[in-house]
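Read top to bottom, the protein sequences are chains A and B.
If you read the first sequence in our numbering, its first letter stands for residue 1, the second for the next number, and so on.
If you read the second sequence in our numbering, its first letter stands for residue 1, the second for the next number, and so on.
Hints were generated in silico from the structure; no laboratory data involved.
Every residue, glycine too, gets a C-beta built ideally from N, C-alpha and C.
Heads up, some of the hints might be wrong.
[Unchecked claim] From the derived model, a few chain B residues whose C-beta atoms are all more than 12 Å from chain A:
{"id": "1", "residue": "S14"}
{"id": "2", "residue": "I27"}
{"id": "3", "residue": "D36"}
{"id": "4", "residue": "E43"}
{"id": "5", "residue": "P48"}
{"id": "6", "residue": "R56"}
{"id": "7", "residue": "V65"}
{"id": "8", "residue": "E72"}
{"id": "9", "residue": "R86"}
[To be verified] Which residues of chain B face chain A? A partial, calculated answer using Cβ under 7 Å:
{"id": "10", "residue": "P34"}
{"id": "11", "residue": "M42"}
{"id": "12", "residue": "S71"}
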Amino acid sequence: MSECSDCHACGGTTVVEFPGSATAPKAVALIGPPNSGKTTLFNRLTGLRQKVANFPGVTVEQHTGMAELPDGRLLRIIDLPGVYSLSPRSEDEQIAHDVLTGQRADTPKPEAILLVLDSTNLGRHLMLAAPILALGVPTLIVLNMADDLRKRGGRIDMAALSKELGAPVALINARQGEGMEQVTDFLAGVMPKPAPKELPILQDVPKCRAWAGRVSGQAAYRPPIAPKWTRRLDAVFLHPVLGPLVFLCVVVAVFQTIFSIADPSKDAVDWLVRVSGKWVASVLPAGLLQSLLVDGVWKGVGSVIVFLPQVLLLFLFIGILEDSGYLARAALIADRTMAKVGLQGKSFIPLLSAYACAVPAIMSTRTIENKRDRFATILIAPFMTCSARLPVYSLIIAAFIPDRHIVGRLLSQRTAAMMGLYILGFLAAVVTARVLKSSILKSGRSPFLLEMPSYRWPTWQSIGLRLFDRSKVFLRRAGTVILLVTVLLWISMNIPYAHGKPPVLENSLAGTIGRTIEPVIKPLGFNWKVGIGLLTAVAARETIIATLGTIYGMDPKTQEEGLQKAIHDDLTPGGAFALLVFFAFAMQCISTIAVVRRETGGWKWPAAQFGYMSALAYVGAFVAAHVIR
Amino acid sequence: MQLSGNKIQPEAFSATLMDLRRGDAAILDRIDLPGDDARRLMEMGFLPGTRVTAGRSAPGGDPQVFQVDGSEVALRRETARRLKVRLEKKKTPRA
């Protein structure tokens, strides 16, 4: 701590003056290389006041948030993508460059910059300081991970560094909040600014590196010793035999936990939905409105909401794996397998995040520079078992497969069935990739470069924010798309309404539509009720649960049964298996189709993808229905 | 591999990063890749004159992790063999 305690007094005498004088800047850009802890600082500055959107016209996500200064003023913080340089070659670098130079009409030119660098790797990270300082915008250079630097025996003279750079500097630990007052002081405009210095020629990487080396040398920078724990953990996680074994164990543990721990929490939410539904039924007079709310909305939307704990648990695990640094090792282990189907390790991370949701996964493929590799990854991503399939799988597996253990308490039949479905989707993706990469999307390979970050404990704050974010998305979807579909379904189940009574289900509009398409789906072992579910599931996969919840909820025969039992009685085992296979392959998600259209710049690819996946789903389900009878 | 002298004879030992085994270190000499690819490697720390140490690898030896300029970066063998190096003498005391 002694190195930085006096840095308020460091450097020259002039005080940083933001344009617009006495008031603090309206917009501040946050930039830094990948793995510098930029997002941790962003989370600490803005907390829950964050918004994620897309920069119009491109696929780069725009994270903005509001930060509150001690005096109550609010600042708009723009979190730019992690980049190694500002020379605009990738889309990320182009956006960072354009925002910082005020060339984007949709984003105000930042009046100040926070440049976040990893203090344990200053020599290399300082290279980015050259192009940033050259912009001439007031900039605070934030050296993050002060705790790591200290613990591992590194040191730096912050006063000397500030003098060499001609810019204010701060040594902080964003994870614990240490040194944050220096950042807020800068944002409030009260940090002294040293005299500007000459900068190296920006286009020349070796010269930039030499400059960074000289600056850190002048600041008596002593790099910390290699992270001991990272080496020790890599000895296990990258061990030729243990590594893949650990990888497998992690995957099994995740699924087993989702099943065993999620159940009680699911029951709790289920109970809440049921009790509140009964309460609504008791306060409303019997009639159409009561039926719409209780049978339509509550049973429909409610049967989707009960899966929120499970979906959050999946995101919790993915968040921990990503934030701890293990995901990069998993990508390394997977690279050779990916290479066999013609893809690369970089495709692995979007594909893994497609297990959560294909939409952000497809957006994250922009890190793949090779366009053909990128398209192939986009086309296979919806095969990965996304969290919207999880409720469908859970429901049908729980309805048809007994909860018996195969290997002691470690692996149950239900877990095995679930993993089988995940593998099925993965295989479909692999085979499709292989075909695409050896035909229409054949390409030369671009170099594979993947930085291995040091292992770190994930922070509750960052994981908590992710879960909060996902809950919002999940509930918004349940409250909009699924609610709308459910209400439309309820209406079509009440038409034609005659003599103050709804029609018998088979004769309603929904029933008529269902029975019209029944001949098409009969060979798959589905009846017309499931058919209606499949139609509504085109909007979003989990809608089928809401639909079936409403259908069985309105049907007097099944009204008193739970959804699980009603499905068990209504489907044959073959039909249930076929339904699972159908969901594993089909592209039932409007959001995914929309994002593919945007990313590939036209309808050609999403149309081909939808046709291919639907055909595969139909054939797969047909085979499944005839394997088990 | 033992080097006899300090004079570099490029033809005699055009070793690449791919030839390094775990724990071996070498000085990067040049990158035989097109401009943009080379630049990306340089931004990640692979600058000519930098010391590179071979680390662990994925099962099967590919890709391999290299320690370079304070960080660890994984490269496939097909990339690693485009990075020519001068081998360091074994047991050279570190600066």
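Results for each hint:
1. The claim that B/S14 lies off the interface holds: its Cβ sits roughly 19 Å from the closest Cβ of chain A, which is beyond the 12 Å cut-off.
2. With a least beta-carbon separation of about 14 Å from chain A, B/I27 lies farther than 12 Å from that chain, consistent with its non-interface assignment.
3. With a minimum CB-CB distance of about 6 Å to chain A, B/D36 fails to clear the 12 Å threshold, and the non-interface call is violated.
4. Its closest Cβ contact with chain A, about 4 Å, brings B/E43 to no more than 12 Å, contrary to its assignment away from the interface.
5. B/P48, annotated as away from the interface, has a beta carbon of chain A within 12 Å; the closest lies near 7 Å.
6. Its closest Cβ contact with chain A, about 4 Å, brings B/R56 to no more than 12 Å, contrary to its assignment away from the interface.
7. The Cβ of B/V65 sits about 6 Å from the closest Cβ of chain A, inside the 12 Å cut-off, so the non-interface label is violated.
8. A beta-carbon of chain A is positioned within 12 Å of the beta-carbon of B/E72; the least distance is around 4 Å.
9. Residue-level check passed: B/R86 sits 17 Å from the nearest beta carbon of chain A, beyond 12 Å.
10. Proximity of B/P34 to chain A is violated relative to the hint, the smallest CB-CB distance being about 10 Å (cut-off 7 Å).
11. With 7 Å as the threshold, the beta carbon of B/M42 comes within range of chain A, its nearest partner Cβ sitting at about 4 Å, so the hint holds.
12. Hint status for B/S71: holds, given a least beta-carbon distance of 6 Å to chain A, under 7 Å.
Consistency with the previously given hints fails for numbers 3, 4, 5, 6, 7, 8 and 10, ordered from lowest to highest.
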